[in-house]
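Enquirer: Take a look at the letters that make up each chain.
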Amino acid sequence: MKRILDITFKDLIELTRNRMTFLFLLIMPIAFTVLFGFAFSGGGSGPEDPRLPVGFLNLDGELLSLELTGQLEASTVFRLVVDPEATPEGLEQQVADGDLAAAIVIPAGSSQAAVAGDPVPLTVFVDPSAISGMTIEGDLQAAANRMNNAILTARIVVAVSGEDSAFEPALGEALAAWENPPIRVNDTTSVPAETGSGSQGNSFTHTAPGMMLQFAIAGLITAAQVMVSERKNRCLQRILTTATSRLQILLGHYLAIVILLLGQFILLIVFGQLALKLDYLNQAGATLLVMLTTALCIGGLGLLIGVLARTEEQAIMFSLLPMFILSSLGGAWVPLEITGPTFSAIGHVSPVAWSLDGFQNILARGLGLESVLLPSLALAGYAVLFFLLAAWRFRRASA
Amino acid sequence: MKAIEVTNLHKAFGETRAVIGVNFTVEQGEIFSLLGPNGAGKTTTISMLSCLLRPDDGDALILGHSLRKDPMGVKSVLGVVPQEIALYDDLSASENLTFWGKMYGLRGAALKARVNEVLEIIGLTDRARDRIKKYSGGMKRRVNIGVALLHKPKIIYMDEPTVGIDPQSRRSILDSVLALKSEGTTVLYTTHYMEEAQELSDHIAIMDHGKLIAAGTHNELVRIVGEADRITLSLNAESARLIEAWKRTRGVQQVDAEDGNLTLLVDDSNQVLPRLFEAAAASDVRITSVDIQEPDLEVVFLHLTGRALRD
Chain Y
1 MKRILDITFK
11 DLIELTRNRM
21 TFLFLLIMPI
31 AFTVLFGFAF
41 SGGGSGPEDP
51 RLPVGFLNLD
61 GELLSLELTG
71 QLEASTVFRL
81 VVDPEATPEG
91 LEQQVADGDL
101 AAAIVIPAGS
111 SQAAVAGDPV
121 PLTVFVDPSA
131 ISGMTIEGDL
141 QAAANRMNNA
151 ILTARIVVAV
161 SGEDSAFEPA
171 LGEALAAWEN
181 PPIRVNDTTS
191 VPAETGSGSQ
201 GNSFTHTAPG
211 MMLQFAIAGL
221 ITAAQVMVSE
231 RKNRCLQRIL
241 TTATSRLQIL
251 LGHYLAIVIL
261 LLGQFILLIV
271 FGQLALKLDY
281 LNQAGATLLV
291 MLTTALCIGG
301 LGLLIGVLAR
311 TEEQAIMFSL
321 LPMFILSSLG
331 GAWVPLEITG
341 PTFSAIGHVS
351 PVAWSLDGFQ
361 NILARGLGLE
371 SVLLPSLALA
381 GYAVLFFLLA
391 AWRFRRASA
Chain S
1 MKAIEVTNLH
11 KAFGETRAVI
21 GVNFTVEQGE
31 IFSLLGPNGA
41 GKTTTISMLS
51 CLLRPDDGDA
61 LILGHSLRKD
71 PMGVKSVLGV
81 VPQEIALYDD
91 LSASENLTFW
101 GKMYGLRGAA
111 LKARVNEVLE
121 IIGLTDRARD
131 RIKKYSGGMK
141 RRVNIGVALL
151 HKPKIIYMDE
161 PTVGIDPQSR
171 RSILDSVLAL
181 KSEGTTVLYT
191 THYMEEAQEL
201 SDHIAIMDHG
211 KLIAAGTHNE
221 LVRIVGEADR
231 ITLSLNAESA
241 RLIEAWKRTR
251 GVQQVDAEDG
261 NLTLLVDDSN
271 QVLPRLFEAA
281 AASDVRITSV
291 DIQEPDLEVV
301 FLHLTGRALR
311 D
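Going line by line, the protein sequences match chains Y and S.
In terms of the working numbering, the first sequence has 65 at position 65, counting the first letter as 1, and numbering is strictly consecutive.
In terms of the working numbering, the second sequence has 182 at position 182, counting the first letter as 1, and numbering is strictly consecutive.
It is worth saying that the hints were derived from the structure and are not from the lab.
Model, not experiment: these values are computed from the prediction.
Built from N, CA and C at the ideal position, the CB exists for glycine as well.
Be aware that one or more of the hints could be misleading.
Listed next, the in silico EDC-like pairs over lysine to aspartate or glutamate satisfying Cα-Cα at most 20 Å (straight line) [as the list claims (entries may be wrong)]: (1) Y:Lys232 - S:Glu84; (2) S:Lys133 - Y:Glu337; (3) Y:Lys232 - S:Asp89; (4) Y:Lys2 - S:Glu117; (5) S:Lys154 - S:Glu117; (6) S:Lys2 - S:Glu183; (7) S:Lys2 - S:Asp166; (8) Y:Lys232 - S:Asp90; (9) S:Lys152 - S:Asp130.
Covered stretches of chain S (in silico footprint by chain Y; criterion: 3 or more residues with CB under 8 Å from a CB of chain Y, positions within the stretch not fixed) [to be verified]: (10) 67-77; (11) 99-108; (12) 164-172.
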C-alpha cells in the first residue's frame, strides 16, 4: 500500500507543477460555465422552470379531478403543460417524439366514479426505460395515493354521518391534512425536496456540472502525459526493477488521477455553491456519491488513456477525442431532456450522461440519495471497465 | 555463493535473436564488464537479469534467487543504473532520490539520512533542490547512478553509464564504480568503451551479435592474440618480395595484406620496427605510414570478429 501512495504522491507533485493542470481543471470549466450559463439563461431574461414537462389533459373537470390537478401542479419533479386543444393521441405522439417527458390524461367521469367507489383509470404516457419517466411515475403515484386516501376518508365520513353534503368538506380537510402528516420519515433521502430548496430556475444547474465533467476529461491530458513521460524517460522500467508490482504502479497512478479529479470537483462545487447559488449541499450525501463515482469513472478513463498513449501528442489526442464525444453525447452541452428519446438513450452510452443525471436529480429536481443510486452504479460499472482494460493493456505492453 | 550465475540465456524479438546461449559467472565483490559494440546484446542481457524481460530460455541465479522462480527476490538485492537517464524531470534531485528510496523500501529518518549521504557521494548537495531538468547531462548521470546506491544493494548493474557525457563527469563515474568495488559491492558493467572495461574490470566478457565470444581477465583475453604487437603499415608500392622478406624477419609472427595495407603481428614492435625499415630500404620500397597497437581488448575483438569494436 505504501508504494501505491508513494507513486500517487509523486504524480500529484508532478501534476501540480504543470500549469496546464490548473488551466483544464479550474480556469476553463469556470470560464465556460459562466459563459454557457449566461447563454442558456437568455441573457438574464429570467429563470426557466427546470422541472420535467408533462402534458396534461383533464377530460373530467369535476371536483375530484380539479383537486388532483392541484396535487399534480405542486410537484417538484414535473410541471404540467396544458394545451386546451390537446388530445390523448396528440399527447402520446408528443411523448414519443420526446417533446414531453410524459403525459397524463384524466378521463371524463372520473370524479363520479371515484365518489361511487369505482376505480379511476388515469392514462399515463411515459417512456418506462427513461429515468425521467420512472421519476415522474413515482411522483404521480404519490399524488394519486394522497387523492385516494382523501376520497376514502371523505366516504367514511359520509357513511358515518349519513349526510352526502359532508363529502366535500371532509375531502378538503383530508387533503389539507397531508400538509402536516402525523407520521413523517425524517431521514428519507428520496422524497422531493421542500419547496424552495434545490436550484430550480438557476441557469447554471446544467452548465456547471456539464462543464465540470467536460473539463475533467480534458484535464486527463496532463495525467496521461505523466504516465507517457514516465514510460518514455524509462522511469517505468526502473520502477519495474524494484520490488514494485505492475498493479501497484497502476493503482498509484489511478489514485493520483482520482484525487486530482476529486479536488477539481470539490473546488468547482464550492464555487457553484457560493458563486452560482447551486444547491449541491442540499443533498450532500448524494452529491458526494455522484462526485466520487464520477471521479472513479473518469479516473479509469484517464488511466486507460495513459496506458494506451505512446507519445505526449497521443495523450492529448486520446483525451480530447473522448472529451468531445462523451461530453456532447452525454449532454454536457445540450441537456438530453430536450433531445428525443432515441438520442437520449444513445447518449447514455456516455458516462457523462449518467453523471449529469445524478447532478440534475440533485440540482434541478431536488431529489435525494436514492435518485442517484442508478447513475452512480452505472458510473462505477464504467470505472471497473476502464480500469480492467487499462490493467489488461498495461500487463500486455512490453516495459 | 556466486553473485551472478547465468546459464544458457536466450532472447529473441521476432526473427531477431538478441541473446544466444549466454553463460557467465560473476564473483561477489568484483567488477564484471560486458564489452561489445552497440547491438551486441548487452542491454538485452542486463534487462533479463533485472527481470524487465523474460528470457525465452535459460535462467540466472542472482545471489541464489532465480530469475524465473523468484523475480521479486532478485529485485530486492539489485540496484540498476539504466543506460538512459531514468529520472523525473519536474522533481528535484532530492525529491527524485526520496521517491526512488521509497521504491527500494527505505522509509523515514533512514531514507532522509541516506538521501543526504548519496547527495554527498554524487557531489550535488548544493544543487539538491534544483529540478532535474535544469541539470547538465553529467549531473543527471550522477543522480542516475545515485538512485541505484540508495539502498546499498549487494549487486549493481550499470548499463553504459558514461555514454554522452563530458570527460570530467566520466572520470567521476569511473571513480565511483571503483569506490563501490572497494566497499564490497558486485558491479555488472556494460560498455562499448574498451578503455573503461580495461581499467575497471576484474573479469570481462566480450559479446557480439548476441553471443558471448570470449571471457576472462584482461590478461587472459589478451593472450588469445598471443600478446603480440600489431603493426599496420602502408607502402608506396606493392612488393611481394618485401612481404616475403618481412615474413622471414626475426620477431615477426604473421603478415597479412588487405586493402593496400599490411598488418604484422610482432613480438616487440620496438625491436622489430627498425628491421622492417631496413628490409623495405633493401627492397627499394618506402613505408608511408606506420601504426602500432600493443595488445589490448580492441585487438582481441578485432582478432575474434574481424571487425573493430567501434564499427
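Enquirer: Which of the listed hints are not met by the structure?
Expert: 2, 4, 7, 9 and 12
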